[in-house]
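There are 2 protein chains.
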Amino acid sequence: MSQIQTNRKVYLQDKPRHVAREEFINNVTLTPEIENIRTNKALGRVTALPIFANISTPHYHASAMDGIAVRAENTYEAHEQRPLHLKKDSDFKYVDTGNPIPNEFNAVIIVEELQEIDAETVEIIVPATPWQNIRPVGEDVVCGEMILPQGHTLRPADLGALLAGGVQELPVVKKPKVAILPTGNELRQPGAPLEPGNIIEFNGTVFAGFVEEWGGDPLLSDITVDDPDHIRTAIEKGAEEADVIIINAGSSAGSKDYTYHVINELGEVYTHGIATRPGKPVILGEVKGKPIIGVPGYPVSAYLALEWFLRPLLYHYQGIQEPERETLKVRLGRRVVSNMGAEDFVRMNVGYVNGEFIANPLTRAAGVTMSMVRADGVLVVPPDSLGLEQGEEVEVELYKPVDALKKAVLFTGSHDLTIDIVSSLLRRRDVNRQVISSHVGSLAGLMAIRKGEAHVTGVHLLDPETETYNVPYIEKYLAGQQVVHIPFLKREQGWIVPKGNPLSINKIDDIVEKGGAYVNRQRGAGTRILFDSLLKQHSLTSEQIQGYEREMFSHLSVAAEVKEKENSVGLGVYSAAQTMGLDFIPVADENYDLVMTNSFYESDAGQQLMEVIRSTEFKQQVERLGGYKVVEAIKPNFFNE
Amino acid sequence: MSQIQTNRKVYLQDKPRHVAREEFINNVTLTPEIENIRTNKALGRVTALPIFANISTPHYHASAMDGIAVRAENTYEAHEQRPLHLKKDSDFKYVDTGNPIPNEFNAVIIVEELQEIDAETVEIIVPATPWQNIRPVGEDVVCGEMILPQGHTLRPADLGALLAGGVQELPVVKKPKVAILPTGNELRQPGAPLEPGNIIEFNGTVFAGFVEEWGGDPLLSDITVDDPDHIRTAIEKGAEEADVIIINAGSSAGSKDYTYHVINELGEVYTHGIATRPGKPVILGEVKGKPIIGVPGYPVSAYLALEWFLRPLLYHYQGIQEPERETLKVRLGRRVVSNMGAEDFVRMNVGYVNGEFIANPLTRAAGVTMSMVRADGVLVVPPDSLGLEQGEEVEVELYKPVDALKKAVLFTGSHDLTIDIVSSLLRRRDVNRQVISSHVGSLAGLMAIRKGEAHVTGVHLLDPETETYNVPYIEKYLAGQQVVHIPFLKREQGWIVPKGNPLSINKIDDIVEKGGAYVNRQRGAGTRILFDSLLKQHSLTSEQIQGYEREMFSHLSVAAEVKEKENSVGLGVYSAAQTMGLDFIPVADENYDLVMTNSFYESDAGQQLMEVIRSTEFKQQVERLGGYKVVEAIKPNFFNE
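Line by line, the protein sequences are chains A and B.
Residue numbering for the first sequence follows full-length UniProt numbering, starting at 1 and increasing by one per position.
Residue numbering for the second sequence follows full-length UniProt numbering, starting at 1 and increasing by one per position.
Do not take every clue at face value.
What the hints assert, rightly or not - Stretches of chain B that chain A covers, calculated by requiring three or more beta carbons in the stretch to come under 8 Å of a beta carbon on chain A:
hint, stretch
1, 89 to 99
2, 150 to 160
3, 314 to 327
4, 428 to 437
5, 555 to 562
Said to hold, decoys possible - Heads up, simulated DSS-like pairs for lysine-lysine below, C-alpha to C-alpha not over 25 Å straight-line:
hint, chain 1, residue 1, chain 2, residue 2
6, B, Lys400, A, Lys41
7, B, Lys536, B, Lys507
8, A, Lys41, A, Lys177
9, B, Lys41, A, Lys174
10, B, Lys256, A, Lys93
11, A, Lys400, A, Lys329
12, A, Lys256, B, Lys93
13, A, Lys329, B, Lys400
14, A, Lys400, B, Lys400
15, A, Lys329, B, Lys406
16, B, Lys41, A, Lys177
17, A, Lys635, A, Lys476
18, B, Lys499, B, Lys514
19, B, Lys93, A, Lys565
20, A, Lys329, B, Lys407
21, B, Lys174, A, Lys41
22, A, Lys174, B, Lys400
23, A, Lys400, B, Lys406
24, A, Lys407, A, Lys451
Hints listed in this document are in silico derivations from the structure and should not be mistaken for laboratory results.
All figures in this text were calculated on a predicted structure; none of them were measured in a lab.
Each residue gets a CB set at the ideal place from its N, CA and C atoms; glycine is no exception.
Next comes chain A alone, as it looks inside the complex (with noise of 0.2 Å):
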């Protein structure tokens, strides 16, 4: 029977994320436990004491060399003019390299450095000094000696010398257990069906891989349904069985948020909520002496909680030091805002544009698990701060070296799916060259090279005046830049419509009259562009089109949204409809190209991007998506030379 008061207001704290930290890492009780395992099966594990050498190495005299053992003091006379005769077994003996050196012999001479005369004798011209061409007994290895101290993480090479010093086991930190318990209702584990509601639990995979790459040992469990009860049985198992135990989610305030009750009632709660954006509703505590963290459920937030909490816990659990991130000085392309109070974490993209590295924020949606796989780093905001000005020099925390940061290829424009294509080309072509690409449409896209944020886009841009596509854009808003424009492809757009065209689309009045829903596109959009030309066209008002005002930012996004409405209507490429099993209407050709700074074309990475588009297999891959027709010999015009 539960004794929880689910009834009683909570409310989160603002706890600063340090003093959150300090007092749960002192507060909670750590018992690393030490185990004994075969050296050759230690890599990466931590000594959990000091390892000292049970022989040496060598635990003999041995050859360094091969050549003759000889006593030094015995070939003092040699001399060029005065060559010296030495014969087998009373004045030398053959030795190999690691041969030991007889008990009688001092020294080792060469093979080069001899001439020999007969099988018994051989001639030097050049004295030994004593103890030359041997390794003493313990030159690498001394018995007693201190290989390594506690606290050290095994690399190989510690291994061979491990090995060497006669340790075939050692004492290394026993890998903290971490349970990991996914709750809630909506929960259902990767590949299970899915009814609109359902979630699919992913958090606990990239949970159980940070837990590895942090040293640790994770237990990932079954999902546990939003029952306080069950819960409780599912933290007092976590309890019994691992060092530290992870729930996720329900650690917010909310009226089905029972993590924090539970924690409370089982054992103690440190903190419940700190001071940052996102993953303000973390819990902190202990249950029967395990530590205790109660995180998010949105993705990002609770992987942000677990490097601020459950990081520096296993690191400290294990008695090593918690690897920094490299930073580096980047300037802001775009204006980030923050709110005052809480600290904010900004993922951010990082580009190496014009010889310098400009940093532009990603969606701060606490929910976009892409956020994490695009960001190139992250940008904290204290909370003493308002934001910060497009321009202004930061320091960004890196997730990639500045290495592959400084060879990315930054595509900013138009989406399409055939950049996805250029980008593995190129990628296969040069691992070091990676296609960074963020789509805001054509027009932003155009500014993005103005500014020196990128380093190629790919813009649709139809001028209704001339009704040419592209070159009236690149004039009027690079004027005077030295750009390089790239004919592409010429693409289909057509209306996306669900399976069947319930509706009968065929012309943009047929929207209006048939009570379509349609599915715009952002501003500064080359698709959205069209769309306004075709209403002017027909004499049409964004006022008659329902669902005018929302916007997408790229052709699948509009696909997926017709696909949730009988009703509904979108203008994109062939390939997004035929992704999504939609219909597809044709509307126009349109002439879809890239433009790149001059500097980029002429640089290493920008002819490799050329040599790409122009290669055989680009164009069949571009071809079998259907709805494209590549340019055949690609001729760049050169603007402002």
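Given the structure of chain A, go ahead and fit chain B onto it with the hints provided.
Frame of chain A; chain B shown alone:
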């Protein structure tokens, strides 16, 4: 029957390393295989193809908050002055975070902005905007979108995005299998009994560790004897089972080095010998379509050869970028000599003293695995250089993070086993503190302090005139410098002799009279100064002492050497004798003291160190060693303050 002409003279090439590497990577056949694995098992693996989403997430329009779903258009009149009442079901429905938005609604008002009037009615005072607080279909991942490009190493958050995109299984690059073939009659498996001439086979374990770290799957074979037929069979088996073969050793050009001949017979040799030191006798070739690397037997040479040739091969195979090591500009504490014509790879210690990074070379013997354990980085001296001068600024490739180097405590001076205890306890107190110790003797330790190359030194220097320890030397060698002298330990020095003291050594005269072979320490070592003053006291000369010229660098090395020879005798501390199971005849009690720079003494690290050496735990551990008396109340003496 062997067809191999091992008597044909083979000469090693001197091919530049980069040339050999380019040729090798470009010549060998690499056919990476693809395997499909479960997403939840894919951490750290590399995508073999671009991965596209199978479903959208969310797959329905989901509420982003707890609240009510409404039709935005119906709320436009709400105002603080004119509250609007909404009726349940007709005007709104309650939704929790993650719930689907009913088809008739298009916005969510959060619970905090509602006033519940009765069970059927809520009041609002702010209008909703369309799509507010809704996560539209595909907000995170849109079906058909490329989630990851090929050649991407999977991080925890990537697994989340894949599962969110309905990807439960994905194509990754199969881990390249690397056959590791240890060869040599002298090799014995770790733990097997050792005769003189036997060597523990530990290279294979180290190689396997490297292969794992570089993304491969190591197949470590049993030991193959030095016989062309056996080697041929082992290589043929490796070529069948693995994608790459590593054979160790026999890669040089000696009479028993069969590797070159066998590879030449079975396939092709591209390179035999590169212009590096160490690492010269490397073989690069191909056998039955599989790349093969013959690496030298000396561990350091072998590790470097694998890094130069196997590492790029494995990364190339996987289609990912080879990570670059961090580099650091450092000042050379000592001169580094180098030979023309070969690249020199000098393992270095790097320390941060008085606000700058100072680097000193470690031993350059290629057989010393401990030099790889101790190294903080490597200095590459180009082939056209004769060496680098003390004080020169050079760039070092780092094996450790800069941060760890910055926090390390540099101990340079006389070797004493208690320094290992200090190191362990300091580490336990603060995981960031590591003691990097080099055993150079007392006088060299004082010089290291003088030159700003160390934070702390340990000295036991007898001034024969005043018969006092250490202070006269500090006054002489550190004149004018702000240093702190810490009276630390009294320790016994004595004769270290074989068990049972076969020569009955009791005083220094016995060594001369009974024909003892003396094991001496290096110039500047406190023990050497003690021995020299004993000689003088007893009116003996160094010429009368057999073995006086040869120098050992630590107490343990002296003891290890004594253990080798029935008639030998050394001078050293009790614990060294005990570790090696030798007898110990006390000679003198001496003062082993610490000297540190004033700035280090005042730093956090210095104060932590003082706490450690004053702790009960330290005193207990030291007294357990035997032969020591700790200074009860340590009182620092300040010089030139």
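Tell me the hint numbers this structure goes against, listed in increasing order. Structure breaks no hint.
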